[in-house]
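Given only the sequences and the hints, what does the whole structure look like? Please build it.
There are 2 protein chains.
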Amino acid sequence: MERKCPVARHRPVNYVVEARPEALPDAVRKEAKRTFLNWVGCAVGGSHHETLDIAIAALSPFAGAGTSSILGRAERTDPLHAALFNGISSHVFDFDDTHLRTVIHPAGPVASALLAYAEYRPVTGPDFINALVLGVEVECRIGKAVFPAHYDVGWHITGTTGVFGAAAAVGKLLGLDAQRMAWAFGLAATQPVGLRDMFGTMTKSFHPGRAAQNGFTAALLAQKGYTSSEQGIEAKRGWANVLSTSRNYDEITENLGKSYEISVNSYKPFACGIVIHPTIDGCIQLRNAEHLDPTLIRSVDLRVHHLVLELTGKTAPKTGLEGKFSVYHAAAMAFIDGTGGEKQFSNEAVVNPNVIALRERIKATVDPAIAPDEVRITVTLMDGTVIEHHVPHAIGSIARPMTDADLERKFQDLADDILGPQRVKELLAQCWDLERFNDVGKLSAAARL
Amino acid sequence: MERKCPVARHRPVNYVVEARPEALPDAVRKEAKRTFLNWVGCAVGGSHHETLDIAIAALSPFAGAGTSSILGRAERTDPLHAALFNGISSHVFDFDDTHLRTVIHPAGPVASALLAYAEYRPVTGPDFINALVLGVEVECRIGKAVFPAHYDVGWHITGTTGVFGAAAAVGKLLGLDAQRMAWAFGLAATQPVGLRDMFGTMTKSFHPGRAAQNGFTAALLAQKGYTSSEQGIEAKRGWANVLSTSRNYDEITENLGKSYEISVNSYKPFACGIVIHPTIDGCIQLRNAEHLDPTLIRSVDLRVHHLVLELTGKTAPKTGLEGKFSVYHAAAMAFIDGTGGEKQFSNEAVVNPNVIALRERIKATVDPAIAPDEVRITVTLMDGTVIEHHVPHAIGSIARPMTDADLERKFQDLADDILGPQRVKELLAQCWDLERFNDVGKLSAAARL
Numbered sequence: 179m180e181r182k183c184p185v186a187r188h189r190p191v192n193y194v195v196e197a198r199p200e201a202l203p204d205a206v207r208k209e210a211k212r213t214f215l216n217w218v219g220c221a222v223g224g225s226h227h228e229t230l231d232i233a234i235a236a237l238s239p240f241a242g243a244g245t246s247s248i249l250g251r252a253e254r255t256d257p258l259h260a261a262l263f264n265g266i267s268s269h270v271f272d273f274d275d276t277h278l279r280t281v282i283h284p285a286g287p288v289a290s291a292l293l294a295y296a297e298y299r300p301v302t303g304p305d306f307i308n309a310l311v312l313g314v315e316v317e318c319r320i321g322k323a324v325f326p327a328h329y330d331v332g333w334h335i336t337g338t339t340g341v342f343g344a345a346a347a348v349g350k351l352l353g354l355d356a357q358r359m360a361w362a363f364g365l366a367a368t369q370p371v372g373l374r375d376m377f378g379t380m381t382k383s384f385h386p387g388r389a390a391q392n393g394f395t396a397a398l399l400a401q402k403g404y405t406s407s408e409q410g411i412e413a414k415r416g417w418a419n420v421l422s423t424s425r426n427y428d429e430i431t432e433n434l435g436k437s438y439e440i441s442v443n444s445y446k447p448f449a450c451g452i453v454i455h456p457t458i459d460g461c462i463q464l465r466n467a468e469h470l471d472p473t474l475i476r477s478v479d480l481r482v483h484h485l486v487l488e489l490t491g492k493t494a495p496k497t498g499l500e501g502k503f504s505v506y507h508a509a510a511m512a513f514i515d516g517t518g519g520e521k522q523f524s525n526e527a528v529v530n531p532n533v534i535a536l537r538e539r540i541k542a543t544v545d546p547a548i549a550p551d552e553v554r555i556t557v558t559l560m561d562g563t564v565i566e567h568h569v570p571h572a573i574g575s576i577a578r579p580m581t582d583a584d585l586e587r588k589f590q591d592l593a594d595d596i597l598g599p600q601r602v603k604e605l606l607a608q609c610w611d612l613e614r615f616n617d618v619g620k621l622s623a624a625a626r627l
Numbered sequence: 179m180e181r182k183c184p185v186a187r188h189r190p191v192n193y194v195v196e197a198r199p200e201a202l203p204d205a206v207r208k209e210a211k212r213t214f215l216n217w218v219g220c221a222v223g224g225s226h227h228e229t230l231d232i233a234i235a236a237l238s239p240f241a242g243a244g245t246s247s248i249l250g251r252a253e254r255t256d257p258l259h260a261a262l263f264n265g266i267s268s269h270v271f272d273f274d275d276t277h278l279r280t281v282i283h284p285a286g287p288v289a290s291a292l293l294a295y296a297e298y299r300p301v302t303g304p305d306f307i308n309a310l311v312l313g314v315e316v317e318c319r320i321g322k323a324v325f326p327a328h329y330d331v332g333w334h335i336t337g338t339t340g341v342f343g344a345a346a347a348v349g350k351l352l353g354l355d356a357q358r359m360a361w362a363f364g365l366a367a368t369q370p371v372g373l374r375d376m377f378g379t380m381t382k383s384f385h386p387g388r389a390a391q392n393g394f395t396a397a398l399l400a401q402k403g404y405t406s407s408e409q410g411i412e413a414k415r416g417w418a419n420v421l422s423t424s425r426n427y428d429e430i431t432e433n434l435g436k437s438y439e440i441s442v443n444s445y446k447p448f449a450c451g452i453v454i455h456p457t458i459d460g461c462i463q464l465r466n467a468e469h470l471d472p473t474l475i476r477s478v479d480l481r482v483h484h485l486v487l488e489l490t491g492k493t494a495p496k497t498g499l500e501g502k503f504s505v506y507h508a509a510a511m512a513f514i515d516g517t518g519g520e521k522q523f524s525n526e527a528v529v530n531p532n533v534i535a536l537r538e539r540i541k542a543t544v545d546p547a548i549a550p551d552e553v554r555i556t557v558t559l560m561d562g563t564v565i566e567h568h569v570p571h572a573i574g575s576i577a578r579p580m581t582d583a584d585l586e587r588k589f590q591d592l593a594d595d596i597l598g599p600q601r602v603k604e605l606l607a608q609c610w611d612l613e614r615f616n617d618v619g620k621l622s623a624a625a626r627l
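In order, the protein sequence lines correspond to chains D and Y. Per my numbering, residue 179 is the first one in the first sequence, and the count goes up by one each step. Per my numbering, residue 179 is the first one in the second sequence, and the count goes up by one each step.
Wrong hints could be hidden among the right ones.
Copies of the same chain look alike in the list, so a pair counts if it works inside one copy or between any two.
In silico DSSO-like cross-links for lysine-lysine, where the CA-CA straight-line distance does not exceed 30 Å [what the hints assert, rightly or not]:
#1 Lys322 with Lys414
#2 Lys211 with Lys541
#3 Lys603 with Lys492
#4 Lys402 with Lys414
Read the hints as simulated data drawn from the structure, not as lab findings.
Here you go:
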């Protein structure tokens, strides 16, 4: 018999029900705006990817009244489909935010649901920020309780915990009481999304979108009195026992309302999985400092964290999407182009003979002494020269976060071609001004065509 | 490293893509009609349960164009929501069909998706029956590959395998090629629904409905080219490895096209979980044969299969729904009322003092020698008389199936009050005549208000 944990049952539910916008520290509010801004940029940037074109073509014939925006596009759709579509586009470049401790991408499931709701029913800036903070808190704390075992089992943790985040966030806006919030958590628990086997296909981006849609649905059902388990997370046959081989409920309950997971959210400077960012960062630094000619590189030895090879060990990617799962391709592109944007992960880039030639001269070795945001690089040139380089903390890590200006530049790179520079500037200003909105849904007008 | 199983990957997909209606044996076609008829009756019968009222109230504001029926009701909705709603109502009384080997309720996920689709795009009777047979085949074979381990972990197997059944069935009607069918299976794999902790709440009925909706969605996305894993079931981080502790892929591939899982589908004479049917059947037999006065019963000893206490061991149910998870309540009602319909599992019935008094005199003991469809009952009367009774095979089991006339009576009991006896007769005739329909969707006209 497993031990029941009534503390875990009630405390997060009550916390979400009771948490008030004015209790949030300024720094948390600020980080929520950075999280939101980064999410909007990613969703707009991904909005014309074929993954989203296909999803919209397949499901729009069944959508309801078009109250809500598909960011970056002209179509409008019902809030549940908007949550799905914006969740897909925000993740399609693997460029969205990362809660490093759990590798959850927190904004996709939560913000996609929240903005879709805010266009359906008015939500003030402070309420929106509060719900965003709470949704991120819930998904990341549940993630911490089961990471890494749950992830090791094979679950895409963004989709499985994101459902709770979306349910909590939308449930908060709906004003659910504790009973109904508990049911919303139960309905979220029973709808996990995402197997890791889907990585490298369009279905990976489906996960945060469907998590947003499922969590939103859970909150709507609970609001009307649709009953569910009140121990959906911690019961013997609840989420944490069924979907993980170990669990620590203290991670869910300790310091609630004192520490905030959104405070340790991070944003990606490069358009691929976070685990290869130290490598890309280090290769760019080396390239620029040493004025390296890629054709003169005889070999590159990377000493990396174990997740790098586990997640991004593809040696011969055939598509741009597969390239994001190849530390070798990413390193080669960093040496050749000096950056790691969407273009460096195009279908053309991975079959470029110069890229292939360099990537085949790159080796990666797992080193237990290397942290997730760290890399050690040894380059040997054709003339025998050996250059060593150490990146203790990659750009975009907690220790070396992107600045507000970095985030704006990233946003512009993603969105300028789609919305035009003038509207992007307006949109950036609105994101920073989020707290002063009486009706956050109006912000979307600047974010759609 | 787990062994990849390319046979499992391709054979079921190719089988579904290639299977033709005219290849079905007559007996299989007949059983498909019995499965469909029983499902329609259950969905109509459950259509005014508050569970469905709430689901419709919560989600209809977001539904699309009303092409498809909610059986037993006047509202129409989009096909994806119709799949959800009809799946909920068909399971809400726990009165639907059961694939005994896996305890899957096969029709809910598959037929709910199929009929909703058939009202959106015309489907002939033979194609409809073929898709229904294939959907049931896929979900039950995948279930057999992981049962009982997957169920023991805590998954509600109807929801987790039902997604595949719905995806295969709708994918068949959409005419998916092998590549797209494989993606539909991948998209199904990544959207499992249902934790067993939800049993006893409205969320249990949500599972077959959401499975229908998710599988339908998977097929629609795959049709338009939304890519997914091609080894969604058997990959290292695919469905069978992540959601089960053991698996036997031979169950999926052996005798495909030779044996049919729908041939071993069973239908419930009583409105509760199948595991307590032998007990209800036996208590009714005893009551009728011995003209038992319930107040003269001193004690009842039941010797039961282990699943009886695992699933239905509630000693003091407080709601009608909880009563379905109490072998004690069910036995008491069988002695008192001589039946086990919906009324015997009402909120009033479980708090009736006479029922409570009898139920407290009933004991159940697990006996490893007892089969799932078997029970041994010992009744001791107040005067010391001891009566023993053995039910080797409960009514509704494979060995003692309900006849067509039994199924019609059950259908009438469920639907007469809702549709009226005349329309019920028409509907029954249409179900038996399913093969001759040019457009199965037209059948729904008789099944809605």
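Status of the hints after comparison with the structure:
In this homomeric assembly, Lys322 and Lys414 come within 30 Å of each other (Cα to Cα) both inside a single copy, at 19 Å, and across copies, at 24 Å. Taking the closest pair of Cα atoms, Lys211 and Lys541 never come within 30 Å of each other, the shortest separation being 39 Å inside a single copy and 61 Å across copies. Taking identical chains as interchangeable, the C-alpha atoms of Lys603 and Lys492 are never at most 30 Å apart, the minima being 38 Å within one chain and 62 Å between chains. For the homomeric pair Lys402 and Lys414, the shortest alpha-carbon distance inside one copy (27 Å) is at most 30 Å, but the shortest distance between copies (40 Å) is not.
In summary, the structure is inconsistent with hints 2, 3 from the numbered list given earlier, while agreeing with the others.
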